[in-house]
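Two chains, each in its own frame: build the complex with the hints.
Read top to bottom, the protein sequences are chains A and B.
Each step along the first sequence adds one to the number in the numbering used here, with nothing skipped, and position 360 is 360.
Each step along the second sequence adds one to the number in the numbering used here, with nothing skipped, and position 66 is 1066.
Simulated from the structure, these hints should not be mistaken for lab results.
For clarity, every value in this text was computed on a predicted model and none was experimentally measured.
Here a beta-carbon is modelled for each residue, glycine too, at the ideal position from N, C-alpha and C.
One or more of the hints may lead you astray.
For the chain B half of the interface with chain A, some residues (derived, Cβ under 8 angstroms), not all of them [as the list claims (entries may be wrong)]:
(1) LEU1025
(2) TRP1044
(3) TYR1063
(4) VAL1073
(5) LYS1109
(6) CYS1139
Single-letter residue listing:
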Amino acid sequence: MLILTMFLVLLFILSINVPIAIGLAVTTIVAMVLKSGTSFLIDTAIVMFDGSMKFPLIAIPLFILAGSIMNSAGISRRLIAFASALVGFIKGGLSMINIATSMFFAEISGSAVADVAALGSILIPAMKKKGYPGAFAAAVTSSSASLAIIIPPSIPMIVYAVMSQSSVVQLFVAGIVPGVIGGFFLMLAAYITARRRNFPVEETFNLANVRKTAREAALAFLLPVIILGGIFGGVVTATEGAGLAVVASLVIGLVYGEVDFKRLYEAATEGAIQTSSVMLLVAASVLLGEFLTVEQLPQKIAGSIMDFTNNKYAVLAILNVFLLVIGFFLHSVAAIILTVPIVMPLVYAVGIDPVHFGIIVTLNLAIGQQTPPVASVLATACSVAKEDIWDVTRENLIFISVLVILLLLVTYVPAIPMTLVEYFYRS
Amino acid sequence: MTLKKFINSYEKFLKFILFVMMVALAATVLLGVSFRFAGSALVWYDEVAAVQLAWITYYGSAYASLKGAHISVPSIFKAFPIALRKIFFVLSKFIIYAFLILLAYYGFKVLTLIGGETLVTLEWVPQIFVQSVIPVASCLFILSETLRIPEDYKNLVLQTTNIEQTGDI
Chain A
1 MLILTMFLVL
11 LFILSINVPI
21 AIGLAVTTIV
31 AMVLKSGTSF
41 LIDTAIVMFD
51 GSMKFPLIAI
61 PLFILAGSIM
71 NSAGISRRLI
81 AFASALVGFI
91 KGGLSMINIA
101 TSMFFAEISG
111 SAVADVAALG
121 SILIPAMKKK
131 GYPGAFAAAV
141 TSSSASLAII
151 IPPSIPMIVY
161 AVMSQSSVVQ
171 LFVAGIVPGV
181 IGGFFLMLAA
191 YITARRRNFP
201 VEETFNLANV
211 RKTAREAALA
221 FLLPVIILGG
231 IFGGVVTATE
241 GAGLAVVASL
251 VIGLVYGEVD
261 FKRLYEAATE
271 GAIQTSSVML
281 LVAASVLLGE
291 FLTVEQLPQK
301 IAGSIMDFTN
311 NKYAVLAILN
321 VFLLVIGFFL
331 HSVAAIILTV
341 PIVMPLVYAV
351 GIDPVHFGII
361 VTLNLAIGQQ
371 TPPVASVLAT
381 ACSVAKEDIW
391 DVTRENLIFI
401 SVLVILLLLV
411 TYVPAIPMTL
421 VEYFYRS
Chain B
1001 MTLKKFINSY
1011 EKFLKFILFV
1021 MMVALAATVL
1031 LGVSFRFAGS
1041 ALVWYDEVAA
1051 VQLAWITYYG
1061 SAYASLKGAH
1071 ISVPSIFKAF
1081 PIALRKIFFV
1091 LSKFIIYAFL
1101 ILLAYYGFKV
1111 LTLIGGETLV
1121 TLEWVPQIFV
1131 QSVIPVASCL
1141 FILSETLRIP
1151 EDYKNLVLQT
1161 TNIEQTGDI
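Here chain B stands alone, though its shape is the one from the complex (with noise of 0.2 angstroms):
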């Protein structure tokens, strides 16, 4: 399989998970709100959501960053020669490795600490299947941003880093 392949479908992967999670996540919502109506709230509404996010949010970082669309501030950067612009990048991929490398580490880590822990409100989903999205996540991240490198050399060389990539709401 080409490397062009590998991405196509790891892009795929990504895209259907956090697809289904959006999805959960609005149904979760709409659940709550319509059993409060009905005189009978949900006790583990509001927890099952929270958690939801954060998985959206360390899953979505993953794609995020093979998309180039994490928040950053690349207009800084474009205006450095290129001779500079090249050491700064190698420069930031290591800060971004060691950042996530420290969160899988750490995260795996809380995981063989809090073993017999399950939610408060649903006390048959373990903390492990519920934390495992940080160390997962980061991995994923890691590989995100390998995959991207060539992308992002491209557009170092070129200058043409997308503004739109760079996404706000």
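So that you can see chain A by itself, here it is in the shape it has in the complex (with noise of 0.2 angstroms):
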């Protein structure tokens, strides 16, 4: 009674716009008030401030950082010439320019917001000035952005990680395949598009300006080598590898001489911003996770699902129906906060591993940055677009599919995701 109690007060304080932090704290101490008077409120201070010293989700401002720099430094226009010579003479080539640079961009950053930001700035206003509908170009510069989730690093993985106390870099691993399959199914989505409504090439295929362009880029390619490299050779931790990133684009934007240190200064203070709306969701989390497990409410609705079917996949199928529907309403990381710590103990109890499910909840989340009315990455593509979130959901229809094609395949065929972890971390 007591937690019916607490989730309906709580979704009426989410209702009426109070900060989901606040919200989840709020609640959680009011409950706790009722069951045990008030002589425990003094920790609530101190679970707050512990709740937000967790180390590995130090890469979170860093990467940000690294992002920002990245985009005051001439790498994304780089990035986009080398993408633009390599699959420029498609039909549609913009939009395969566009996800093919969406897809180098994630192996750097680890943002999908930052990724929609920093190429859709650039790349939608030249799609329109192609003549391709404004609609479609915020589609796919949104749907490829949210790739930037699934293929390491992602930000939204490190928080899974924190929150199942899984591995990170197994996590960064597994979502490898899915990531380069994602890319090639838009891609394929995105040409059947341009076949249909004629959409132009963009330049023919010249072999000399794809080695011109990769050379101008060539720096720019090392940053994933450092930061991926050193963190799947167990050479740097998840968090340092973020820190290498930091220096690495700074160096390189040194080097190409085009760190705008004013755009730098305002983007690292937004990304303090990022980092705080999340922080602040994890601390109150963990006001809310010492809570439920005095009450040992994920262990009791692992139970009652486990009374209706303890079929894995069955049970797959219904946490993913209940992930895509929280999509709709959460943002990514709210969303792993505020579930995973509850789903956890069904998942472990019918055999589930936690690594192959991250990718499934990160998948889920990258649709749901896709489905209004809570999109934050088609929100974004749709202000850089000036176009309206209706007009470019429809355009984005086919993209969204591809993604929902890919979470079943990702689900259902566990070799996809798990197959390099079993490889190089469990053989």
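Okay, structure coming up:
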């Protein structure tokens, strides 16, 4: 009864636009006061402080900072030029370039919102100029940017790893194959659309131009080698890899002579805002977690679902539907923080690998970033393109369908995400 | 000084300290990695970096509040009729203030109890300084929420809560 009341109170508080972090904390505090009186209130301050000191999550501000430096360092422009030389000859060339650049960018940046802001501001106007409908340009930019959270490094994966106590490195490795397949599928969808609607090619294929643009972007290609190579090779942790990303992108920006320090100052403080809004939520979830542990709610939920079915694949279907619905209403990181601690006992009980489940969660939330009303990446793309969110959604349906197909593949063919993990870390 | 000027200076101040904190955090992590590679790992690295993250969390929260950027769910709120939105606006501010006052009060109370304690790895850094972030930043958070009332009220009437302001990653 207490839990149900708590849930309804939380729902009401969130519906009147109180920040989720504060809503969570207030609901937990009220429930704890009702249950055990006011003596624990002093613990609130202690837990909120300790809850924000999660060492692995230091990677969040660092990856955001690295992404900001890259944006102001001419790296996006060089990656786009290279992608253009490589895939610009295909029908619907600029959509191909858009998807390919997003995939490169995703290997350096951990944030889909950062990607869509960085690449969208260059590619969407370029696509409009070439006669692509603005809504289509926004849709392809938005969907391909969401690949950023499947392809490592990925901030949502880091948050998932902390909330589920699983390995960040294994999650990163598990994201590689689904990310590449996702990119290929999106390109296929863009190609079919381009043929149907007769979108233009961008440039003729010219090997000399591929070489030239590759040379110009060579330093940018070094970034994923340093970051992912360091993390996968076990030389540095994900957090330290994020630190290296900051230095490497700064050095490359300085070599290119394109670091705009004024923009960097703004971007770093923007990064602090994003970090703090996520971390406040993490701290509040620790407070909630303490209460849930006492109440044994996650175990009770696991028990009641297992009374209904303990088939792993049926449970995966239930979890997928649950996460997709959550994705309509919550931002990705908020959804992870709120749902993962509650569903993990069920995941373990039916024998789902937590790394496999991490990719499923991330992919669900990548779709959630594309589905209004709450669709952070889509909203950013719409604001860059100055297009209506529902018009863009109509154009985006084909790409969302592609992401759903990828989700089904990843869910029911565990070998897709898990083969590399098994090979490198478990054999 | 007009309110607008005060908000501008306050924002500049928060931005500056957050920029310094972000750079300092990156520097700490890099020092940590460099010393570990050099074969003499810094014992204080993990603890200090985690404290820095906590500081960014709470001082950043005060700034995020000034910009209306905390993660929330504005879409449901926007669906209510205007009269109800006005009532819920007052109620939401009341809930936010109640929480922040509680956090500031108990955060301060904690400081009175941890008098002689220091960081485990850096014994010259007192916990009072480290944990002062909770009451101090909570007060700044309250100030930010208050300064934001006119803007929030304008959005409420015009129904234009900027979706981008609710920051995701």
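- Message: For a quick check of understanding: which of the numbered hints are violated here, in increasing order?
- Response: Violated: hints 2 and 6.
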